[in-house]
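Trainee: All chains should be built: construct the whole structure from the sequences, respecting the hints.
Number of protein chains: 6
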Amino acid sequence: MNSSVRQLIQSALDEDIGPGDVTTENLVDPDRMGIGTIMAKESMVVVGVSLSREIISFLDPGVKVRPFHEDGHWVNSGEIVVEFQGSLQALLKGERTALNFMQRLSGIATLVRSYVNEIKDMPVHLVDTRKTTPGLRFLEKYAVRMGGALNHRMGLYDGILIKDNHIQTCGGVGQAVNRMKEKAPHLLKIEVEVANIDQTKEAVAAGADVIMLDNMNISEMEEAVAVINKRALVEVSGNISRSKLKQLADLGVDIISIGALTHSARSVDLSMNIKPAV
Amino acid sequence: MNSSVRQLIQSALDEDIGPGDVTTENLVDPDRMGIGTIMAKESMVVVGVSLSREIISFLDPGVKVRPFHEDGHWVNSGEIVVEFQGSLQALLKGERTALNFMQRLSGIATLVRSYVNEIKDMPVHLVDTRKTTPGLRFLEKYAVRMGGALNHRMGLYDGILIKDNHIQTCGGVGQAVNRMKEKAPHLLKIEVEVANIDQTKEAVAAGADVIMLDNMNISEMEEAVAVINKRALVEVSGNISRSKLKQLADLGVDIISIGALTHSARSVDLSMNIKPAV
Amino acid sequence: MNSSVRQLIQSALDEDIGPGDVTTENLVDPDRMGIGTIMAKESMVVVGVSLSREIISFLDPGVKVRPFHEDGHWVNSGEIVVEFQGSLQALLKGERTALNFMQRLSGIATLVRSYVNEIKDMPVHLVDTRKTTPGLRFLEKYAVRMGGALNHRMGLYDGILIKDNHIQTCGGVGQAVNRMKEKAPHLLKIEVEVANIDQTKEAVAAGADVIMLDNMNISEMEEAVAVINKRALVEVSGNISRSKLKQLADLGVDIISIGALTHSARSVDLSMNIKPAV
Amino acid sequence: MNSSVRQLIQSALDEDIGPGDVTTENLVDPDRMGIGTIMAKESMVVVGVSLSREIISFLDPGVKVRPFHEDGHWVNSGEIVVEFQGSLQALLKGERTALNFMQRLSGIATLVRSYVNEIKDMPVHLVDTRKTTPGLRFLEKYAVRMGGALNHRMGLYDGILIKDNHIQTCGGVGQAVNRMKEKAPHLLKIEVEVANIDQTKEAVAAGADVIMLDNMNISEMEEAVAVINKRALVEVSGNISRSKLKQLADLGVDIISIGALTHSARSVDLSMNIKPAV
Amino acid sequence: MNSSVRQLIQSALDEDIGPGDVTTENLVDPDRMGIGTIMAKESMVVVGVSLSREIISFLDPGVKVRPFHEDGHWVNSGEIVVEFQGSLQALLKGERTALNFMQRLSGIATLVRSYVNEIKDMPVHLVDTRKTTPGLRFLEKYAVRMGGALNHRMGLYDGILIKDNHIQTCGGVGQAVNRMKEKAPHLLKIEVEVANIDQTKEAVAAGADVIMLDNMNISEMEEAVAVINKRALVEVSGNISRSKLKQLADLGVDIISIGALTHSARSVDLSMNIKPAV
Amino acid sequence: MNSSVRQLIQSALDEDIGPGDVTTENLVDPDRMGIGTIMAKESMVVVGVSLSREIISFLDPGVKVRPFHEDGHWVNSGEIVVEFQGSLQALLKGERTALNFMQRLSGIATLVRSYVNEIKDMPVHLVDTRKTTPGLRFLEKYAVRMGGALNHRMGLYDGILIKDNHIQTCGGVGQAVNRMKEKAPHLLKIEVEVANIDQTKEAVAAGADVIMLDNMNISEMEEAVAVINKRALVEVSGNISRSKLKQLADLGVDIISIGALTHSARSVDLSMNIKPAV
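Protein chains in written order, with the numbering used here: chain A, 264 to 541; chain B, 264 to 541; chain C, 264 to 541; chain D, 264 to 541; chain E, 264 to 541; chain F, 264 to 541.
Keep in mind that the hints are not guaranteed to be accurate.
[Stated by the list, open to error] No more than 25 Å apart at the CA atoms, straight line, and that leaves these computed lysine to any residue pairs for SDA-like: (1) D/Lys-444 - F/Lys-452; (2) A/Lys-426 - B/Asp-284; (3) C/Lys-446 - B/Asp-284; (4) D/Lys-426 - C/Gln-348; (5) A/Lys-304 - B/Glu-483; (6) B/Lys-493 - C/Ala-495; (7) A/Lys-446 - E/Ser-313; (8) F/Lys-452 - D/Val-490.
[Said to hold, decoys possible] One-sided excerpt, in silico: chain D residues whose CB lies under 7 Å from chain C: (9) Asp-323; (10) Lys-327; (11) Arg-400; (12) Leu-424; (13) Asn-428; (14) Cys-433; (15) Ser-530; (16) Pro-539.
Keep in mind the hints are simulated off the structure, nothing from the lab.
Glycine included, C-beta positions come from ideal geometry on N, C-alpha and C.
Mentor: Here it is as structure tokens:
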């Protein structure tokens, strides 16, 4: 497990438990054992099975875990996802934190799966964006992959994307791409965002590796794809609804990026049933 | 600013920028100044004005900020929320992180406001739950207050809530409440969750301060309110839609708690326009 | 174990050992095993048995521990509290840190026990205050419980206490309590500090849940208890010596809070005998 | 300010304030200014004037500070020590943490001063031990210096002290000292603890720089001082009361170390008067 | 300044100063001011001017800095690089840490400059590797840029490099490249390491973007360049001495990567002259 | 393992792996096991055997380790140092970090050994300085000991060294030493740096314990040793090459300190062979 995920779990538990669970610590004997069962309350692509084990293990390192599903599985409403046997106090204290993670991540994966299904078997990739919840990017991008899409860059450090602000600063698409070619690390491609056909031509001429068509309408995109003519990868972005996906794929674009996959997924419903061990 | 919020901002910037913004650092002179303007792209209750200042200040401690709105204000689509003057690199690097926070928090406050408006001037309080995004609870609960609702407990440490699992462990509602009364810190009230009228009677008899009616139907709730008869505060909880709020308020309950306020709010749309200073 | 306690142990070991124990590392072979025995050098309520295990385990994760007493036990002078078998270097390096914790915590519990014995079987609770050693509050409040008293609030976040400064800011006891009632989380009671009978009446009229009589003399307290007449819990506070406890309890107050339990306890004497394993 | 002191202040504020001061934040407007005055409630050697400034500055970086005394000054009961002007919320939130530090540190310095006065102008040094509160050693040893004594080693890393456990491991005083001489960093003296006259002779013969007479009675100490005869510094240690100090100094020892200076000092009384600025 | 650099400075100061500079604190009055001048004791490409300011500022936030050179400048022996005016204690405490950073980073830049000069104006890029000092990668790669070379990937996360171990696991060069093409983020190029002409052909056929010729001799490299024939970028690596650089460049390779730039640079000599201000 | 070493390993892994090894994670199945063998590519004093185990264990806590050599051993080119069996992903991710540590530390130890061999069996100690890599001091000083030399002070906190700057501030060698004698902790010796014979005499007269002859020529050193005449330890320092060591030892000095041991050691060559387990 990545060290920043470990810190995130720790701070999530700290914000919930703080100096102590005043209810549980006063009502439940620390030596008492229990069984906790996480169940899907609606159908979903589940994500967070091993994460939930990590969370409960922070509170009871000796907890026993019996997984019924893996991350990325489709789970029907009413199915058990994973079962824990361990300290009853640990189960009661960790329940909400474990569910908060799983509900959000499974919500993302479930939404992604519904998008991916629209363009199954077509030669186009669905990818996410950097519009993620602060502190959760690593996990949310993992959920996107579990849903069946790919990740765009993780952050500003592992991909070059020249946006309108950069273009304005450099004096034009061509100038920006050329300036970048002199300095860019040789393992990174150069992507540039274009808003019209003239900028598209400029990007091709300057040798951009990937061209992002930003907020163009269908006919502009069609023309842009023709202008680029396989000399660069084509990405489209900007307020793309699920119903438009197939139409975009038919245009011959290579990549469709959608912020809503992470920023507007709703949580799906999971619950944890906890009872004292007999 | 709370130290855990400072850490959250730092880790959000770290996850986005990592060892450096490879695009901006290669295209924009570090001495160049810029102007950044955050604008609402739809109507909303805005949250995060001073938080965005903190974020940009991490990257440029000397940035100048001109706020046009305060947290909790209703802002119409197209209105400017806040303007920054400072390092162009800092604006480009901090943009996404600032927007990711504001879009989520404003989304929560906007949803909360729409709920609160349903029960305006009625003697009932709308409150949130612990179903928050891991690591963001403090901020999400702040957004709830900006939307016009109140907070339930912050975590397991600042409020007593005896749930079904605790009741099962103690052998009944009465036993659980009585055991807690011997041990509870004298500044905390005792809330207990009940599932039927018998448990409600037991809770009243044992002297619970607050009684949560969990997933009861309307007629059960009506009976429970009558049974309690002002001897305890009454809270209702569980899958409550906006359209049912007024009906619940009419029953005479004191508190309505809704997880969806935080776990199923969608992000609202804000953008940051950045340009070089002339 | 709570994560802030883990950090406290780590920083305590760091401040004592720093880059290395220059004596032990030069004189004792790292592979050599040893036996360490913690013994009470005076009679006491012992606290820190499992904490000492955590401390030694930081230095030797494989150490074997044999406890002879539990936290809260009365231990006579000369009795063994706990025995460790493990790395001789680890025992020598951890000795002082383990003892520093135990001597202070056991000192608090022992003092608390002597206070509690004064009012045994009377319907009044002895509680601590926030006058704890910076960084050690969680542990010192644990020691108070092991001594037989209860905890007042852990900090400013889990209990409402309106003090003279707040009253002055709000314009009076009644105004402060009323303002708080509109905003207070519904799981917290409202306590207010009063200095005379007029303020006491105001507090009762405004509906305070708990009333703290601050530095009143006996006859004032008697009158205040009569005025309150069970309509709120009564707490007394301020320079209360052990010899006055019974007299206060006889007045019919519910809670007596005493800062000296934590801020003026002296350390009790424990030692650790360490010898090489044969 | 040392980075570990900064962390200590942060964690002390975190443990007291947590996610927020529920009383102050609901009753006091964040923009309201106030004046806070720290006053001695008994006569004392005051310690913590600049530390209290650091603490309040964590909460209000713009606070104005007016010191009336410096650390180490003798302050009479009723005198003002330092005055703050700043955010009223910051004063109310920081009050307890600032006082908790000052009361403990001033208590130590006041106790130390009373010991030092016993042996004023005599050729002997009073020093502390490692029996300090976990996490506070740096500050408590600072308080000892402010009281007028000197510090023994800060920790295990900046001084060599061969104790009975080490001697037993090495097979004798002579063997231990000789083994250490081969390996010790050349800037550190070698101190060895001895329990009787034979061990004292062995220590002198092996060339120890400092010899600690552990729990010897007066006549043994007299003989040991004579045996050592200025060939090493002489330190005495172990259950030394204030009344015995002069007698020990008369024996001709060089250093007297006393654990009670830090582990058994009681807190002295300081209060902070806070009122809204007019 | 990047947050991990800030942490590195803090830990470097902590490891040198620990609980205090026992010499300076006992000999120099804390209020005394001083002047510190950093001078080159040999000719070099200097790196660390602003870093040294950050270091001294940790100890005296009010220090005044007068830089005579910028990072990347050639400085002759005897020239002053930067001058500080501030707390004399801060200068004495920060001196060694500031110099330790500057000597190492300037040593790297100076070595890099001598390599770069060998292939000036030739169409080839000199780059570093991941063979950097643990904890210092960010700064050492910065020093490489200041010396005039470019950076290879920062770490395992921002560039794809398929090495012999990966090839062996996947069953061959072609299989590895093809498998990666299905999964690689679309903004990253695919580099593969080859050991002979057959593997080179396989890499070209599979469509690798960059091909690294690992430890080939001159004639093999010549053949490989011909085989690749501009269809991929060519990188050479492995025990490359400065004297062989021009010969390699003449072969038509695009990138030369050299671990020695960071792992075998010696420190250059800089000193800091400190004197009390008059 | 010291907690600051643990943090250093964590930050070294973080800087290399960041959010993930994009090559390995896409090409190697997480369940696949592998064998990694670290081999010396040149003859060396090896350091880092157990450190490399710690590093790989961070990534795979269950890895099995088979060491063939211990730290401080002389290893011939081609010999295997240590073998790991564990997760193939963990081996591939940890390889570079483990080697970066070992190459640097073994480089130091190998250089130190070659210096120590020059003065074998002579009554003089070779020691390091504080000219270490920021963040690595603890490990580099450990490597110095493994090479066969001793450590000078670890930092400013565990040894007194009065340098020219301090002398200038105090008004002379005698004044500085005398002032220090009043304040120095009684377990620390007092070392003072002298530049000429007059200062040497002053240092002896004032009773310095150790005298450092700074940048003196041979005849000056000879005179200084005679002047001191065993009344203090004699240390020489400043640009000392290996070839001059024996001559210095013959002069009768006690300690020779050399910054180059740590600041100018080159990395030695080690490699890790990794293959899938069959």
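Trainee: Give a verdict on every hint.
Mentor: Checked hints:
1. Restraint check for D/Lys-444 and F/Lys-452: the C-alpha separation of about 14 Å stays at or below 25 Å, so the hint holds.
2. Between A/Lys-426 and B/Asp-284, the direct Cα distance comes to roughly 13 Å. Compliance with the 25 Å bound is thereby established for this hinted pair.
3. Only pairs whose Cα atoms come within 25 Å are accepted, and C/Lys-446 paired with B/Asp-284 is rejected, the gap being roughly 44 Å.
4. A distance of roughly 20 Å separates the Cα atoms of D/Lys-426 and C/Gln-348; the hinted pair therefore holds under the 25 Å criterion.
5. A C-alpha spacing of about 23 Å is found between A/Lys-304 and B/Glu-483, which places the hinted pair at or below 25 Å, so the restraint holds.
6. The hinted pair formed by B/Lys-493 and C/Ala-495 meets the criterion: a straight-line CA distance of about 18 Å does not exceed 25 Å.
7. Note on A/Lys-446 and E/Ser-313: the hinted pairing holds, with a Cα-Cα distance of about 23 Å set against a maximum of 25 Å.
8. Between the alpha carbons of F/Lys-452 and D/Val-490 the distance comes to roughly 23 Å, so the proposed pair stays at or under 25 Å and holds.
9. About 16 Å separates the beta-carbon of D/Asp-323 from the nearest beta-carbon of chain C, more than 7 Å, and the hint is not met.
10. Interface restraint check: D/Lys-327 against chain C, minimum CB-CB distance 19 Å, threshold 7 Å, status violated.
11. Of the supplied interface hints, the one on D/Arg-400 holds, with its beta-carbon coming within about 5 Å of a beta-carbon of chain C, less than 7 Å.
12. Using the Cβ-Cβ criterion of 7 Å, the hint placing D/Leu-424 at the interface with chain C is satisfied: the shortest such distance is roughly 6 Å.
13. Contact between D/Asn-428 and chain C, as hinted, is supported at the beta carbon level, the nearest pair being about 5 Å apart and thus within 7 Å.
14. Among the interface hints, the one on D/Cys-433 holds; its C-beta lies about 6 Å from the nearest C-beta in chain C, closer than the 7 Å criterion.
15. Evaluation of the D/Ser-530 hint against chain C yields a held restraint, the C-beta minimum of about 4 Å falling below 7 Å.
16. With a cut of 7 Å, the hint placing D/Pro-539 at the interface with chain C holds, because the nearest CB-to-CB distance is about 5 Å.
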